Amino acid sequence: MAVKFKSLKFGFVNLTLDFLEAEDLNSAKKFATDAKDYLTKELNAEIVESAPSIDSRDKANAAWKMFKTENVDGIIIFNGTFSTGEVTAEIVRNLDVPYLIWGLEEFALKKHNFTGSMVGVLPQGTIFANFGKKFSFVYGNVSRPGVKDKVRVFVNAVRAISYLKEGTVGVIGMRPDGFEISDFDELAIKKIFGTTITKISMYSFTETIKNITNEEISQDMKVQQTIFDIPVENLKESEGLSRVYLAVKKVAQEKNLQAYSPDCWPELRDMDKTAICPANGRMTAEGVMASCECDVNGALSMMMEYAITQSTPWLADLVNYLDDKDALLFWHCGNASFNLSDKKPLINRPFGGLAQTATLRSGVATVCRLNSIRGKYTIHGGIGEVIDNKEYIKGSNLTIKMDGGSMGFIESLLYNGIPHHNGIVYGDILAEVKEFGNLMDIPVIAF
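The sequence shown begins at 3 in my numbering and counts up one residue at a time.
Some hints here could point you the wrong way.
Claimed, not checked - Straight-line Cα separation of at most 35 Å, DSBU-like style, residue types lysine-lysine; simulated pairs:
| # | residue 1 | residue 2 |
| --- | --- | --- |
| 1 | K11 | K136 |
| 2 | K251 | K6 |
| 3 | K167 | K192 |
| 4 | K11 | K67 |
| 5 | K11 | K201 |
| 6 | K193 | K150 |
| 7 | K201 | K43 |
| 8 | K167 | K6 |
| 9 | K61 | K38 |
| 10 | K61 | K346 |
| 11 | K43 | K8 |
| 12 | K201 | K238 |
| 13 | K346 | K251 |
| 14 | K224 | K135 |
| 15 | K11 | K135 |
| 16 | K396 | K251 |
| 17 | K38 | K150 |
| 18 | K8 | K436 |
| 19 | K6 | K327 |
| 20 | K135 | K167 |
| 21 | K436 | K392 |
| 22 | K167 | K32 |
| 23 | K112 | K61 |
| 24 | K136 | K31 |
| 25 | K8 | K378 |
Stated by the list, open to error - Okay, the calculated beta carbon distance ranges per label pair:
| # | residue 1 | residue 2 | range |
| --- | --- | --- | --- |
| 26 | L111 | K345 | 54 to 62 Å |
| 27 | K31 | D344 | 44 to 52 Å |
| 28 | G429 | K167 | 21 to 29 Å |
| 29 | K238 | G196 | 53 to 61 Å |
| 30 | F139 | K345 | 41 to 49 Å |
| 31 | N391 | M223 | 40 to 48 Å |
| 32 | I412 | G196 | 40 to 48 Å |
| 33 | I375 | K31 | 44 to 52 Å |
| 34 | K345 | I412 | 28 to 36 Å |
| 35 | K8 | T128 | 31 to 39 Å |
| 36 | N322 | I375 | 20 to 28 Å |
| 37 | R363 | E108 | 45 to 53 Å |
Hints were generated in silico from the structure; no laboratory data involved.
The structure presented is a predicted model; accordingly, all values stated were derived computationally and were not measured.
Positions of the beta carbon are idealized from the N, C-alpha and C atoms, including for glycine.
Please work from the sequences and hints to get the whole structure.
Below you can see the structure in the form of structure tokens.
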């Protein structure tokens, strides 16, 4: 992948009280060090810390001011021992970022000593509720089963939150007539996610396409032939695919886009006979997410999946229920990234211009969408098994058997107002999707 995600930066506070035994305070510091080592050495995060332990309002104020200066992506409130609420309150009221509350077991029971981590943790829920803020919670030292997995899920969700917050989505042209599901509320997106929306007119984009040189096309055709199966009779016309790919790549670089939502038809595909679909797949494989039909929420869904997994997603239409397999057929006109197939996609003619036909490889996958109804977002997601590689329709094909029943998944989409465009990514990331929704205060419908 061409995109290298930044190292996430976490503010870390180890909350303690100094009236406890020195040995127990040292144990708490050791547990905090274990946590920080996991974050830095295994999850590649950066830690920002103002002091080894925080036990006063003054130290808490120094901590949040440092975190603000360092522009941290999230804050971990590590409850090494018992602490009092004003310390947490000073941090939480001043910084609006994702939080992880980390509690420990009573680790000095053999000495019959009280250390009180959980007595510090539980009032923090009250503090967060009063400030109207969300958080995640994990219990136990990193050696405790399941703790590392839960912290990893939190970090992956924070990566997605940070990526959307700092990202820019380019809208090229306008949605096809009748595709109301592609409409979006730019200010709601800015308020909720922080994502910037920038507009690129179809006129300026087609001018960029026209200005791609023959030399550039010739060089890219060599690349195309390594990733696609191009029949001899389609070689000349495939130069148009290179032209539009090079143009959209240039626009993405000039505008610093993390994603784009193109007006892929009717202008490009039907009028100009130059489909952007293969270019979309190539750009997504390179780390710039490409949705279809100006579906900005589809692009946001892909960005979320990409940031969580750091692997290639795909935006597709749900087109068929297969009774004999209790499976769903997801399809699109030829936009799936070439690296999602076991063999080279074939360049042929699904519609007005050349595009690609391929089936996607088998494996566990997550199907989800960030969806907006009257400006209010929900996330719908489910897990399934991609079960075969049969080509049903010209274009990109994926057959998936959903956990819990595929017809039930269709009904869940329909009754919850989720349209046909869904983001699909390999791997089970439902825990991360739920965590993303929790931290962003967005309801999650997990099928």
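When you check the alpha-carbon spacing of K346 and K251, does it fall within 35 Å? Measuring from Cα to Cα gives roughly 21 Å; hence the hint holds.
Does the structure keep K193 and K150 at a Cα separation of 35 Å or less? Status holds; Cα separation ~32 Å.
Against the 35 Å threshold, does the CA-CA distance of K11 and K135 hold or violate the hint? holds, 20 Å
Under the criterion that the straight-line Cα-Cα distance not exceed 35 Å, is the pair K167, K6 satisfied? holds, 16 Å
Could you say whether the range 40 to 48 Å given as a hint is met by the Cβ separation of I412 and G196? Given range 40 to 48 Å: violated, Cβ gap about 33 Å.
Under the criterion that the straight-line Cα-Cα distance not exceed 35 Å, is the pair K11, K201 satisfied? holds, 31 Å
For the hint 28 to 36 Å, verify it against the beta carbon of K345 and that of I412. holds, 29 Å
Tell me if the straight-line CA distance from K167 to K32 falls inside 35 Å. With Cα atoms ~34 Å apart, K167 and K32 stay inside 35 Å; holds.
Within 44 to 52 Å or not, the Cβ separation of K31 and D344? The hint (44 to 52 Å, Cβ to Cβ) holds, given that K31 and D344 are roughly 51 Å apart.
Do F139 and K345 keep their Cβ atoms within the hinted range of 41 to 49 Å? holds, 45 Å
Take the C-alpha atoms of K201 and K43, compute the straight-line distance between them, and say whether it is at most 35 Å. Distance of about 40 Å is beyond 35 Å: violated.
Given the hinted pair K8 and K436, is their alpha-carbon gap at most 35 Å? holds, 23 Å
Of the numbered hints listed earlier, those contradicted by the structure are 7, 10, 14, 19, 29, 31, 32.
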